[in-house]
Amino acid sequence: MPEPIDVLERARRDVGMSMADLWIRYFALGGARTPIEVDAVLNGALVADVADRDRLAVALNERFAELGGDHPLPYDGDDPA
Amino acid sequence: MPITPLFRTRRVPLRADGRLGAFAIRIDFAERTVVVGIRGELDALTAPMVRATIDGLEEQGHTRITLDLSTVTFLAAGGLGLIAGTAAQLRRAGGDLTLRSPSAQVLRILDITGISGRLAIEDPGPLLALHADLVRSAWGPTREDIVDDKLRKVVTIAAKAIVGADGVSVSLTRGGRVKTVAASNDTVLRMDDHQYGTGEGPCLAAAADGVPFDIERLGDDERWPTFVPLAIAEGIASILSTPLLTDDGSIGALNIYSSTAGAFGAHQRELAVVFATHASEIVAGADLGLSEDELDERIADALQSRTVLALAQGILMARSQVSADQASALLHRAARDEGTSTLRQASEVVASTRGPTEDADHA
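Residue numbers (our numbering), protein chains in the order written: chain A, 1 to 81; chain B, 1001 to 1363.
For the record, the hints were derived by calculation from the structure and aren't laboratory data. Every value quoted in this text rests on a predicted model; they were computed, and no experiment measured them. C-beta atoms are modelled at their ideal positions from N, C-alpha and C, and glycine is treated no differently. Careful: at least some of the hints might be erroneous.
Stretch by stretch, here's where chain B covers chain A in the computed footprint (C-beta under 8 angstroms, at least three residues) [claimed, not checked]: (1) 29-43; (2) 50-58; (3) 61-71.
Partial selection, computed: residues in chain B whose CB lies under 7 angstroms from chain A [said to hold, decoys possible]: (4) V1181; (5) N1185; (6) T1187; (7) A1266; (8) L1271; (9) S1305; (10) R1306; (11) L1330; (12) R1336; (13) D1337; (14) E1338.
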């Protein structure tokens, strides 16, 4: 499988989260896009606004944190490291 | 408490002039509450009618009232005053007010004004229920008999989502033969059949070879001399067949047909891959690994979390004069900085507004 373009999709694979689990977490964070749209965002077929990208990043970061890790994904407006 | 018939319904007819014509109040006497359903705009003009209805109910001894907001199209200040005033009035009478199914927009207004925090809110709005249905359909437990059903949903959504598509189908290799398990209309069903009948065509090729076939102009294609004339006779000019890939290789194809030549560009090809991936996950039995009950529980938790977040968002918006998105960003950052979750952070914000008034009541 080719290397995914989107940093969110790479993180999802790194943390071993299913698309379904990610969507439920994103939804719990107030996201309003459908499961298929979220899939499309992660595969680069759809562009999400910054608020939705932040929700996806939070969902993934919180999973990284649950596993004892850091918060690797930046949020919109963070100073570039 | 006077004896009232259960589920009696009364429509209150109103003047049929333009805007008010769309307004209606419906009363249903349920077992433990009286449901007052409102349709239309709830504002300074219509709120007094609702108020009069509720006053009437209270006089009859009904102090547990549910306001059904599922068909409220607009909530103005007058409507807010009604809700806040009614809640206080019913509480004084020993009863309470519950709000049912506010739309996301109405919920947002209630959150911002802090009213939602003082009321019980029932039922997710229609949008949330739709999402819950979608996730159940996409990732609910996979039983053999419902796989085809899920694939039918995929082709229906794909046919709507892919611009230029006149029809979408999913074909699967089952028992050594390729067959169509879901088709968005009869033409695409016949298109698939022509390929099985002639033993050639892009759908069969994509399923067999595991690579996509993008036929921009059917008339120019020389690979499938028997199939192509049949397709043109059906009015089809371009076809995009995308293989369904699993770890075990190709298991079928997602086929998109169009009556326009060159209908599919890069965007459509990408979307086709997204839908094909979904279809193959469904067939491969990809799900959350949860029972239906567990899935319902996760969705219920998610809905609960959304409510808490929306409340916290509203509080921060009022407190810090920020937009909804800025309020979310504040919660996300605070959670990260304090090494906690966004939900916990939001719960703390909500909890921080409780206190003085309740303490005074207990004193």
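Do the hints match the structure? See the list:
Only residues whose C-beta sits within less than 8 angstroms of a C-beta in chain B count toward coverage, and the region 29-43 of chain A has 9 of them, enough to reach three; the restraint holds. Beta-carbon proximity to chain B at under 8 angstroms applies to 5 residues in the region 50-58 of chain A; the threshold of 3 is reached and the given coverage holds. Check on the region 61-71 of chain A: 4 of its residues sit with their Cβ under 8 angstroms from a Cβ of chain B, so the three-residue criterion for coverage holds. A cut of 7 angstroms between beta carbons decides the hint on V1181/B: the least distance to chain A is about 19 angstroms, and the hint is violated.
Of the supplied interface hints, the one on N1185/B is violated, with its beta-carbon coming no nearer than about 20 angstroms to a beta-carbon of chain A, more than 7 angstroms. The beta carbon of T1187/B comes no nearer than 24 angstroms to any beta carbon in chain A, farther than 7 angstroms, and the hint placing it at the interface is violated. Hint status for A1266/B relative to chain A: violated, with the closest Cβ pair at about 10 angstroms, above 7 angstroms. For L1271/B, the suggested interface contact is upheld, since its CB lies about 5 angstroms from the closest CB of chain A, less than 7 angstroms.
Interface hint at S1305/B: satisfied, since its Cβ lies 4 angstroms from the closest Cβ of chain A, which is below the 7 angstroms cut-off. About 5 angstroms separates the beta-carbon of R1306/B from the nearest beta-carbon of chain A, less than 7 angstroms, and the hint is met. About 11 angstroms separates the beta-carbon of L1330/B from the nearest beta-carbon of chain A, more than 7 angstroms, and the hint is not met. Using the Cβ-Cβ criterion of 7 angstroms, the hint placing R1336/B at the interface with chain A is satisfied: the shortest such distance is roughly 5 angstroms.
Restraint check, D1337/B versus chain A: the minimum CB separation of about 10 angstroms is more than 7 angstroms; hint violated. A hinted interface residue such as E1338/B counts as satisfied when its beta carbon comes closer than 7 angstroms to some beta carbon of chain A; here the least separation is about 11 angstroms, so the hint is violated.
Figure legend: structure checked against the earlier numbered hints; hints not met, in rising order: 4, 5, 6, 7, 11, 13 and 14.
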